[in-house]
Each structure stands twice: as C-alpha cells, then as structure tokens.
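Chains A and B, in that order, give the protein sequences. 60 is the number that the working numbering gives to position 60 of the first sequence; each next residue is one higher, with no gaps. Convert by adding 97 to the 1-based position in the second sequence; the result is the number in the working numbering.
The set of hints was computed from the structure by calculation and includes no laboratory data. Beta carbons: idealized from backbone N, C-alpha and C, even for Gly. There's no promise every hint is true.
[Claimed, not checked] Taking beta-carbon pairs under 7 angstroms as the criterion, some of the chain A residues facing chain B (in silico):
hint	residue
1	Pro-45
2	Val-70
3	Ser-72
4	Lys-92
5	Arg-93
6	Glu-94
7	Ala-95
8	Gly-96
[As the list claims (entries may be wrong)] Okay, the calculated beta carbon distance ranges per label pair:
hint	chain 1	residue 1	chain 2	residue 2	range
9	B	Ala-207	A	Ala-25	21 to 27 angstroms
10	B	Ser-367	A	Ala-8	41 to 47 angstroms
11	A	Gly-69	B	Ser-367	37 to 43 angstroms
12	A	Asp-17	B	Ala-393	22 to 28 angstroms
13	A	Asp-39	B	Glu-180	41 to 47 angstroms
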Amino acid sequence: MFKRLAEAGAPVAITVDGKAISARAGDTVAAALLVAGIDHCRTTPVTGAPRAPYCLMGVCFDCLVTIDGVGSRQGCLVPVREGMTVETQLGKREAGR
Amino acid sequence: MAASDYDVAVVGGGLVGVATAWGLAREGCKVAVLDEGDRAVRASRGNFALVWVQSKGLGLAPYAGWTLRSSNAWTGFAQTLKEETGLDVCFQRPGGFHLALSERELEARANTLKRLHNQPGVVDYKTEILDHAQIARMLPDIGPEVVGGSYCPFDGHVNSLRLFRTLHTAINARGVSYLPSHRVETIDRQGGEFRLTTEKGPVRAAKVALAAGNANMRLAPMVGLLAPMKPERGQIVVTERLRPFLHYPVTTLRQTDEGTVMIGDSKEESTDPTGLTLGVSATEAERAVRQFPLLANVNVVRTWSAIRVMTKDGFPIYDESETHPGAFTVCCHSGVTLAANHALTIAPMIARGALDKSLVAPFSARRFHVQEAG
C-alpha cells in the first residue's frame with residue numbers, strides 16, 4: 001500500500017515476529033511495518049480488535065509493539081536499529097516483558 | 098404531618114448515599130438523593146476498591162464484626178444488583194494479602210493482628226501470618242524482598258467505578274430522584290418534616306439521612322448530631338492493562354478485572370484533591386516493584402489523588418438524632434466494603450425510623466464526647 005518517496009537511507013535488517021524485514025536507516029519501527037505491508041501491529045487488550053500505526057507522532061498509542069523484548073513501546077517513536085527484534089502484541093501485555 | 102416531597106432525603110450521591118438510597122427504595126420509601134455538582138470533591142470516583150477485612154477493628158472490636166457482616170453479605174449484594182441492572186460489579190473474594198518487605202514490617206503486622214484479635218468479643222478473621230515460601234505458592238511473582246505477610250480468606254475486591262454506576266442505575270430503575278447540583282445549605286425541622294435548602298431550591302422530606310462523606314461535619318450539627326472528620330489524601334498509580342498475573346488483592350496493590358494494576362494506599366494530611374506529590378507516587382511505585390519485580394518496566398497510564406472520607410478515629414458513625422427525630426448519619430471511611438451493610442442493614446433501619454442499637458450502638462458519635470460516652 002505504501003511506497004517510499006526516496007530511498008536515501010542505508011538498508012537496516014530487523015525481524016518482525018521472526019521474519020526478516022528490510023527497513024531503511026531513519027525509518028521508525030512503525031514506518032518500517034507499514035512499508036513491509038504488515039496490516040496490524042497489535043490487537044487491543046479488551047476486545048481484541050486489530051490496530052495499525054495511525055498518527056505516527058506519538059499521540060494515539062495505536063502502534064504499540066514489543067521491541068527487543070520490551071512490550072508496549074510506541075513504534076512511531078523508535079528508530080530502527082540493525083538486528084532489532086519486533087513482535088506484534090496480541091491483547092494485554094504480559095507483565096515482565 | 099405535612100405532605101413532604103419525599104419519605105427520605107439522602108444527602109450525598111457517593112457510594113454511601115446511593116447504597117443507602119437503593120436500600121431505602123427496596124423498603125418502599127420514596128427517596129431523593131441530593132448531590133453536589135461537578136466541582137464536588139468526590140471520594141467515590143477515586144477509591145481503591147478493596148472489600149477489605151483483615152486489618153479492620155483495632156481499637157473498636159465491634160467494627161470487626163460489622164466489617165465481616167458486610168463482607169459476608171457482598172456476594173448476595175452483587176448478585177441482586179446484577180439481577181436488577183444486568184451490570185456485573187466484578188466482585189471477587191479470593192482472600193487477600195498484606196506483604197512485608199522487612200522482618201520489622203512483618204513483626205509490626207503480626208503484632209497489629211494479634212492486638213486486634215486479643216480484643217474481647219472480636220470476631221475471628223482467620224488471618225494467618227505466612228512466610229515467603231507459603232506466599233509464593235499463591236503469589237508466584239513476589240520478589241525476594243518479600244519476607245512474609247498476612248493472608249485473610251475473607252478479603253476481596255470489586256470494580257468500584259462499575260459499582261458506582263450500577264448503584265446509580267439501580268436507584269434510577271427503582272424511581273429514586275437523583276438531584277445533582279443540590280448542595281445542601283441548611284436543614285430545618287418544621288411541622289414534623291425536614292426542609293433542606295439547596296442552591297436549586299428547597300426539598301421537603303419526612304426523614305433525612307446524611308451520607309455526605311467529609312461534608313457530614315458541616316451538616317450533622319444542623320440536626321443535632323456530630324460527625325467529627327479528619328480528611329486524608331491518598332494517591333493511586335495505575336498501569337497499562339496486563340495479562341492476569343495477580344490473582345489475589347494485596348493491601349497496596351491489586352489487578353483489576355480489566356487488567357490494569359492499581360497501586361495505592363498512601364496517606365497525607367491534606368484536603369487538596371487537585372495536586373499530586375511526586376515523591377509519594379514514586380514511593381508507592383518503588384515498593385510495588387520490590388513486591389512484584391515484573392512490574393519494573395510496565396507503563397504507568399494514570400495517577401491521581403483523592404480525598405478519603407475519614408472520621409476522626411477512623412471508625413464509622415451511625416446515629417439518629419434525639420433533638421431532630423428522623424435525622425440519621427451514615428458516615429464511614431470504607432464506603433465500598435460497607436456498601437452491602439448500608440444497603441441491606443442500615444437502610445431498612447432508617448426506613449423503620451430507628452437504628453437497631455444491638456447492631457450499631459458502638460458506632461454512635463457519642464464516643465467522641467468523653468463525658469457522655471457510657
């Protein structure tokens with residue numbers, strides 16, 4: 001659905017739910033997920049409804065993902081880093097991760 | 098007697114007031130609940146929602162029995178509310194813990210409970226002191242600093258915001274008139290009825306039940322009663338929703354039916370509900386992490402402070418006026434725990450027009466009069 005306007009950044013390898021994704025330096029995690037065509041990054045804690053990155057500026061909290069083992073991180077505020085492990089977050093977060 | 102607007106005017110639209118009003122409506126009374134407006138200090142929106150037994154009654158043994166009576170009535174109370182409204186207040190009574198983070202804290206807890214249970218005539222709370230290993234069998238996520246604690250099988254908790262909504266739904270369904278923005282200014286007894294003046298005009302009622310929390314201090318003398326209060330501020334920290342991991346409420350921390358963890362139990366002498374003392378929240382959070390280390394990197398989504406309704410000695414006040422027959426006080430700190438008693442025991446007494454002394458005599462504010470206390 002999304003297309004890059006320019007691809008200036010160098011490739012950055014991350015994994016999402018164990019699958020290799022090629023992001024670009026300067027991408028946020030949320031942007032990398034959208035470009036990779038991942039249509040939702042979490043489901044809500046109460047009704048289990050799917051959610052995708054929305055505001056992309058730290059306000060809506062819809063892009064929450066588990067990054068390097070830490071849950072409920074805002075994907076739109078975290079730049080990708082080589083080797084980063086991203087997991088989609090289903091329902092309520094598990095305490096302790 | 099004049100034709101009053103209502104059989105009973107309940108002053109106060111918080112948990113104590115609406116629980117009492119619901120009980121009165123069930124007895125067939127025509128009831129009005131007089132509440133303040135949106136600027137009121139509202140303890141019922143900010144509480145911690147424990148239905149708590151294990152530490153209640155040191156210094157006034159009958160309070161232990163009174164608390165246990167309400168705790169025992171809670172299952173039926175919640176069930177009846179569900180039948181009337183279709184709403185589930187999520188009452189659970191798995192038993193509850195108080196956790197100690199040092200041998201000194203554990204010893205202090207054990208001494209408190211021993212003194213409580215050594216009082217003559219006190220009910221048995223079946224509270225046990227447990228060591229770390231015994232607690233870890235029920236709360237596997239406790240940290241190494243938890244040296245022990247106490248467990249009481251009667252403790253429980255509820256979704257108190259839903260309780261509040263459910264009681265309002267229930268009184269509405271039973272035809273109770275809820276009158277917001279009716280802050281009561283004066284109460285007079287004339288011609289066999291009470292006349293309450295409010296910012297929205299007067300209300301007439303045959304009886305008055307004062308359930309206005311800390312404001313009872315101002316109102317009670319208008320009907321020849323006494324309600325000495327000592328308001329306290331408490332702060333609560335709330336985490337994001339987490340998968341269920343904590344299956345028992347703890348004095349200072351509980352996981353709600355919706356997954357959030359509430360951390361609380363601070364006490365400050367303040368009547369300002371608008372501020373937060375960061376050091377207090379930080380201390381609460383730090384102790385919570387020592388009790389349950391897996392909370393260390395969990396996100397906090399809300400903090401708030403609220404004013405506790407607190408009588409001067411911490412025990413409830415139930416009274417009927419001798420100078421103004423038909424006027425009652427229903428006043429306590431534990432509006433959640435005692436909601437079942439207020440609805441099922443106190444309200445029928447008010448409907449009959451007389452408190453049952455065999456149950457509530459120890460809770461008269463006469464105890465604050467050194468000379469008059471018998």
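Hints versus structure:
1. Pro-45: Holds. Min distance 4 angstroms.
2. Val-70: Since chain B brings a Cβ to about 6 angstroms from A/Val-70, closer than 7 angstroms, the hint holds.
3. Ser-72: holds (5 angstroms)
4. Lys-92: Holds, about 5 angstroms.
5. Arg-93: holds (6 angstroms)
6. Glu-94: Hint holds; A/Glu-94 Cβ to chain B Cβ min 5 angstroms, cut 7 angstroms.
7. Ala-95: Holds: closest Cβ of chain B sits about 5 angstroms from A/Ala-95, inside 7 angstroms.
8. Gly-96: holds (3 angstroms)
9. B/Ala-207 with A/Ala-25: 21 to 27 angstroms: violated (60 angstroms)
10. B/Ser-367 with A/Ala-8: 41 to 47 angstroms: violated (56 angstroms)
11. A/Gly-69 with B/Ser-367: 37 to 43 angstroms: At 40 angstroms between Cβs, range holds.
12. A/Asp-17 with B/Ala-393: 22 to 28 angstroms: holds (25 angstroms)
13. A/Asp-39 with B/Glu-180: 41 to 47 angstroms: holds (43 angstroms)
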